[in-house]
Amino acid sequence: MSIASICRYGVLYGLLFLLCITPRAAYGYIDPGTGSFVLQVLVGAALGSLMALKIFWRRIVSFVRGLVSRREQP
Amino acid sequence: MSNSAEHQRQGGSFRDPGGFLYLRDGTLYRQVNEPCRESYDRLMRSGLYDRLIERELLIPHQEADLLLACDERACKVLRPERVAFISYPYEWCFSQLRDAALATLEIQRQAMEFGLSLKDASAYNIQFHRGRPTLIDTLSFEVYREGAPWVAYRQFCQHFLAPLALMARVDVRLRRLLRVFIDGIPLDLASRLLGRLWLAPRLWLHIRLHAGSQKKYEDRPTDGRTGRFGRLAFLGLIESLQAAVRGLHWRPAGTQWGEYYSFTNYSDRAMQHKAELVGRLLGPCEGQTVWDLGANTGAFSRLASQAGANTVAFDVDPAAVEKNYLESVRLREVNLLPLLMDLTNPTPSLGWASQERDSLLARGPADTILALALVHHLAIGNNVPLDRIADFLGDSCRRLIIEFVPKGDSQVDKLLASREDVFDEYHQAGFESAFARRFEFGPPEPIEGSSRLLYLMTVRGAGGTVA
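Chains as they are written, first to last, in my numbering: chain A, 1 to 74; chain B, 1001 to 1467.
Worth flagging that the hints you see were computed from the coordinates, not collected in a lab. These numbers come from a predicted model, not from an experiment. Careful, some of the hints might be misleading.
[Said to hold, decoys possible] Have a look at the derived ranges for each label pair, beta carbon to beta carbon:
hint : chain 1 : residue 1 : chain 2 : residue 2 : range
1    : A       : ASP31     : B       : ARG1192   : 21 to 27 Å
2    : B       : ASP1065   : A       : ASP31     : 45 to 51 Å
3    : B       : GLY1047   : A       : PHE63     : 26 to 32 Å
4    : A       : ALA46     : B       : GLU1038   : 31 to 37 Å
5    : B       : ARG1051   : A       : ARG58     : 16 to 22 Å
6    : B       : ARG1145   : A       : ALA52     : 58 to 64 Å
7    : A       : LEU67     : B       : ASP1188   : 18 to 24 Å
8    : A       : ASP31     : B       : ASN1345   : 58 to 64 Å
9    : A       : PHE63     : B       : PRO1284   : 53 to 59 Å
10   : A       : ALA46     : B       : GLN1272   : 56 to 62 Å
11   : B       : ARG1051   : A       : PHE63     : 22 to 28 Å
[Claimed, not checked] Cross-link-like lysine to aspartate or glutamate pairs, in silico, DMTMM-like; alpha carbons within 20 Å at most:
hint : chain 1 : residue 1 : chain 2 : residue 2
12   : A       : LYS54     : B       : ASP1183
13   : B       : LYS1407   : B       : ASP1421
14   : B       : LYS1216   : B       : GLU1239
15   : B       : LYS1407   : B       : GLU1445
16   : B       : LYS1215   : A       : ASP31
17   : B       : LYS1407   : B       : GLU1432
18   : A       : LYS54     : B       : GLU1106
19   : B       : LYS1407   : B       : ASP1395
20   : B       : LYS1216   : A       : GLU72
21   : A       : LYS54     : B       : GLU1445
22   : B       : LYS1215   : B       : ASP1171
Using N, Cα and C, we set each Cβ at its ideal position, and we do this for glycine too.
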């Protein structure tokens, strides 16, 4: 990889990182608590990844179930 | 717009500028203000309202004439279905709070499917309506904006997760902290009381780490802004909270009252005769309110609820109320509400101006009170003079079915076994004399196979006749 393309990817990932930490407005009439918001953002990636795995797993299970039930049908 | 003097604003409905509840000519209305118009319209048009009504998770309402509004800020007026008896989290048993928590998370999950989100997760927004935990605040929704964290996360943890964890892992009596901390149990306190959480990673995250994060950022305002929190992360958070709540259990065992019926000196015949008498004295009571004080697991409450009365079964023992609630869920009962209540220290008025949450008495009077095998516990177990018991009951109901348990009964003798008998007035004549000041009544019905007496009384000046 050339130095130019490394720089290009660097800028791209840098922009993506900046997008991720771009502030989002908090809504609602109750005080959500700064610490509560920060914690959600900090653990969000882990929670999101786990959720993606769960969704993927559920799809596999339902696909296999579908195959089994189709075979059982005469 | 009509004169605001005709309207009675509800004490617990003032925090959200999006709307509030009020009574007008005895009918309950909810005013929707302009800031809530968009989210209310989205709730109704997206299909979320129909979905939640179908699943009995949201209180149904009808739209009313805008002329019935309380003030000029109104853009809609709603007429919600009335809840038979408003109860509070500090009166719920473990499984009631757990079911209310799961209902809140399920509502949030459903809402996200329709592009909405809960903007609060207050346990006070959940009521037991027709036996099911139901969201009563139609204006709790806001339009979901991709990337924003859950604004109600802190409130959910304080109102539901922390008390449930404390009840399940430390002591079920810590429910009472909800009465002290009206906006939920502070997470740093819950974290300290919970002790080690090595084998409970979700509690560690949502309570201990959450408390730590609150402390770290308590003096650092984010100006209402924070980083990005994607939709998948949001769903992961809700799933994690659901799993944390589902992982908490409490099994009632070893408390004073949960096994009460096994330890009484009642013969089967006496119990059967007492049930026959209570059923007869209750008479037709469909649509009436009946409070069963000292209900234990609700054996006699069910005589009223099965006759169609909106029945609240109060007891002081968490095990008895837990058993009663689980039974009512199993039987899918729609008009029996088991609640925790210490009659020697009943729920006071609480919150802002002492008007936000009503006392027990403010939620009465009941049409009928059942006070069965109760008076000796109050009079001898707690040294409350009989005339004061009569005053309390006289203020709480219109009609009273009360059992007098005389000295010589094994339950009374047990109360007197370890103390001096200073209760000279505790006999049938003393009881009748104390209650005659507040009630009219005829001769009592003796309960066969026991020395106990059953009275039907009517509050003086309340109208009606004694059978």
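For each hint, the structure was consulted:
1. At roughly 22 Å, the beta-carbon separation of ASP31 of chain A and ARG1192 of chain B lies within the given 21 to 27 Å, and the hint holds.
2. For the pair ASP1065 of chain B and ASP31 of chain A, the beta carbons lie near 35 Å from each other, so the given range of 45 to 51 Å is not met.
3. In this structure, GLY1047 of chain B and PHE63 of chain A meet the distance hint of 26 to 32 Å, their C-beta atoms being roughly 28 Å apart.
4. Separated by about 33 Å at the C-beta atoms, ALA46 of chain A and GLU1038 of chain B satisfy the suggested range of 31 to 37 Å.
5. Between ARG1051 of chain B and ARG58 of chain A the Cβ separation comes to about 21 Å, which falls inside the hinted range of 16 to 22 Å.
6. Evaluation of the 58 to 64 Å hint for ARG1145 of chain B and ALA52 of chain A yields a failure: the beta carbon distance comes to about 21 Å.
7. Between LEU67 of chain A and ASP1188 of chain B the C-beta distance comes to about 51 Å, which lies outside the given range of 18 to 24 Å.
8. Range check, ASP31 of chain A to ASN1345 of chain B: about 32 Å between beta-carbon atoms, so the 58 to 64 Å window is missed.
9. For PHE63 of chain A paired with PRO1284 of chain B, a C-beta distance near 58 Å keeps the hint of 53 to 59 Å intact.
10. As the Cβ distance of ALA46 of chain A to GLN1272 of chain B is approximately 60 Å, the hint placing it in 56 to 62 Å holds.
11. The given range of 22 to 28 Å is respected by ARG1051 of chain B and PHE63 of chain A, whose C-beta atoms sit roughly 26 Å from each other.
12. The straight-line distance between the Cα atoms of LYS54 of chain A and ASP1183 of chain B is roughly 33 Å, outside the 20 Å bound, and the hint therefore fails.
13. For the suggested pair LYS1407 of chain B and ASP1421 of chain B, the alpha carbons sit about 10 Å apart, so the restraint of at most 20 Å is met.
14. At most 20 Å may separate the alpha-carbon atoms for a hinted pair to count; LYS1216 of chain B and GLU1239 of chain B exceed this at roughly 26 Å.
15. Restraint check: the Cα-Cα separation between LYS1407 of chain B and GLU1445 of chain B comes to about 17 Å, which is no more than 20 Å; the hinted pair holds.
16. Pair hint LYS1215 of chain B plus ASP31 of chain A holds up; C-alpha atoms about 15 Å apart against a cutoff of 20 Å.
17. Restraint check for LYS1407 of chain B and GLU1432 of chain B: satisfied, since their Cα atoms lie roughly 15 Å apart, inside the 20 Å limit.
18. Among the hinted pairs, LYS54 of chain A with GLU1106 of chain B is consistent with the structure: their alpha-carbon atoms are about 17 Å apart, no more than 20 Å.
19. Only pairs whose Cα atoms come within 20 Å are accepted, and LYS1407 of chain B paired with ASP1395 of chain B is rejected, the gap being roughly 27 Å.
20. A distance of roughly 58 Å separates the Cα atoms of LYS1216 of chain B and GLU72 of chain A; the hinted pair therefore is violated under the 20 Å criterion.
21. Of the pairs offered as hints, the one joining LYS54 of chain A and GLU1445 of chain B is violated, with about 64 Å between alpha carbons and a cut-off of 20 Å exceeded.
22. Between LYS1215 of chain B and ASP1171 of chain B the alpha-carbon distance is near 26 Å, which puts this suggested pair outside the 20 Å criterion.
Hint compliance for this structure: hints 2, 6, 7, 8, 12, 14, 19, 20, 21 and 22 are not met, and every other hint is.
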